[in-house]
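Sequences listed follow chains X and H, in order.
Reminder that position 214 of the first sequence reads as 453 in this note's numbering, one-by-one numbering, no gaps.
Reminder that position 33 of the second sequence reads as 38 in this note's numbering, one-by-one numbering, no gaps.
Mixed in with the good hints, there may be bad ones.
[Unchecked claim] Derived pair list, reagent style DSS-like, types lysine-lysine, alpha-carbon separation capped at 27 angstroms:
id: 1; chain 1: X; residue 1: K357; chain 2: H; residue 2: K336
id: 2; chain 1: X; residue 1: K499; chain 2: X; residue 2: K513
id: 3; chain 1: X; residue 1: K318; chain 2: H; residue 2: K336
id: 4; chain 1: H; residue 1: K107; chain 2: H; residue 2: K336
id: 5; chain 1: H; residue 1: K77; chain 2: H; residue 2: K26
id: 6; chain 1: H; residue 1: K77; chain 2: X; residue 2: K356
I should point out that these hints are in silico values taken from the structure, not numbers from a laboratory.
All figures in this text were calculated on a predicted structure; none of them were measured in a lab.
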Amino acid sequence: MAINKEFVKFDKVDKSYDGKILVVKDLQLDIAEGEFVTMLGPSGSGKTTCLMMLAGFETPTHGEIYLDGKAISSIPPHKRGIGMVFQNYALFPHMTVYENLAFPLRVRKIPKDEADKKIDKALSMVSLQGFAQRMPGQLSGGQQQRVAVARSLVFDPQLVLMDEPLGALDKNLRESMQYEIKHIHESIGVTVVYVTHDQSEALTMSNRIAVFNDGKVQQLSSPDDLYEKPVNSFVAEFIGENNTFAGEVSEISEGKCKVKLSNAEILAKPIVVKNKGERTTVSLRPERALINPSDKMDNIYKGKIEEIIYHGDHTRVRINLLDNPEFILKVPNSSPNLDLKLGNEIDIGWNSDDARALDPK
Amino acid sequence: MNSETKLILTTDGIPLEISLKKAERRNKIKAFLLVAPLLLFIIITYVFPIGNMLLRSVDDKMVTEMLPKTFKSMEKWDGQALPSEEVFESFYLDFRKLVDEKREGKLSTQLNYTKNGFKSIIKKLRRKSKSFEEGNYKEQIMAVHKRWADVEYWKAIKRRAPAYTTQKYLKGMDMFQNEEGKIVSVGEDRRIHRVLWLRTLEIAFFVTLFCFLMAYPIAHLLATLPMKYSNLLMICVLLPFWTSLLVRTASWMILLQQQGVVNDFFVWTGLVSDDNRPEMMYNKTGSYVAMTQILLPFMVLPLYSVMKTISPSLMRAGKSLGGTPFIAFWKVYFPLTIPGIGAGCLLVFILAIGYYITPALVGGASGTLISNQIAFHMKSTLDWSFASAMGLMLLSGVLAIYWIYNKIVGIDNIKLG
């Protein structure tokens, strides 16, 4: 059976709350069946609005959303059959865990013995057997989160939406829950649309990530592409750490360009820029730049160490390089003793392929 | 806990428990001093008057004190045949003393409460007793009026011997102790209090119900509207609070009376004919309308404070899980508002059951409550003990409702804010 590539389809969707500002602009997004897609973006970027439109709690101002080929804008939320995990779990506080899970089954008039089996299965999926008779208030945050996940899956929806479900958990628990949700997704193959503003969460869990900003999808691609090959400055800035140089294209050829900075010229890979004379921001990941490079690298410049911060597994070094005092380097602590001392002048090198000339900020 | 836990000592050798108590004593004293003014205030203005009311409602010392000798000698009387000469003599002595102090009028009033017919024979006795000769008082008193020779009247006097009585409570229930000492209901045409009690309960119940039905949507709207509008709505809810109760009641009188605004409007629209205007004032309808409006905020506020805490995502969760809006409301939202409903209903019901001014002004004859009857006895008949007795019956009724509520819903479930 062919996988439906357009299982969820946003077709030219606009959304405005007040008739003055568009929170979602001309959204075009396809999500394949069984995929784990994350909507990532800063707050106010429209990602939660998209999720709410998909769930049916908001209606698109313009455009249409399709689920498995059917337009769903006129279908009320309770008939869409979409599971949802809410930011604050939204467990029913007056019902036991069992009753919480039984709720979607009861309204679907599923016979009790069958429902019990489904509930058992869902609870074992999140390793919460034996908690059925507890009240949500008696559970820890992580356990409540698992119940919420189990509840969204218990009625076998084709699509599950998760709205920053891990936001309220502490760091360690959040990480382990990320793997858990990822594994659940892998084992049952349900389509998941996940909303978060935490990029590491998005990178860990997703098949594809849609980076939202200003009501638009800036880039939709796999986590590695998103990190390694950002298509614009916003994505480069938003995902991971980033060193930037603002300048002007002075020379451009196939796969290479020269960017003129205030006091130097560096080599970069043209991504957005097309012509000579265009303003650009060159983006370089901190780990792609090396100190005292031994290989032949086409960019090597001297910089002065301004600050050294010890981070356990690596050391962050802030360097004033080519008039950019915010140039960050990550030096693994396993690397041979470099002469890292405040005020030292050192050589920094990187390949022009790793320096992406993007749109000016 | 391990029962063999060693007694823990602090560094200076004093057991920890004692040390802790010592350390906390200062705070406890401080806390007590802080609440002391309120405690004192409550004792003076609340506990003491209610205790006083309780005493007054059962107090029947007046006659006991007026006829001390009589009651002493009556102790030996079997209460069947006419009492002995000794009783008559002591009664005469008591009576003379009252006449000297000009208090025999009070006695006649009091005894007349117990049995009709005392008034005239006491008056006659006072006149005749001036010329009584010493000795053989039985003959002389019986000669004053034939009723003095009737054993029923002596029995009536004896019934007033105890210093405490429950007769006011019986009267409040339209009952009395008859000559044989049995508790029976008064004649059907004289049963006014039972009707009032039932009406009070009925009006309080329906006012609570109407308040609930109207307040629930308002509170829900208040809790879900954006701040800008909810503040405005809140002011609309609270605005009547800032107006005097009398003004609000008076405006209902203007609106609802037969020549009032509402009736004029009905006539103008042709809903009713001019000579057939409905009576919406000075009857039960008036009480219902005015009391519901006045007590509405007491229902809205507790409901609002509870609804405010219910996350809107719960309803969304209910819907996203497949519940229709109604099921999501009924299974998820409604159960979570029960603490507010309980608090609001209890508050409104208790306020309504003792409501006074509004029913007095707009209730007319068929819309007054038991509290109006209490006020009547406080102000007009000056039968304070009866008013106290009914007040206490009302109070115990409220406490009973509170108790039942606690049994069914649980008082811990109440949430006022």
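Quick rundown of the hints versus the structure:
no., hint, result
1, X/K357 - H/K336, "holds (21 angstroms)"
2, X/K499 - X/K513, "holds (15 angstroms)"
3, X/K318 - H/K336, "holds (17 angstroms)"
4, H/K107 - H/K336, "violated (74 angstroms)"
5, H/K77 - H/K26, "violated (57 angstroms)"
6, H/K77 - X/K356, "violated (84 angstroms)"
Comparing the model with each earlier hint shows violations of hints 4, 5, 6; every other hint is respected.
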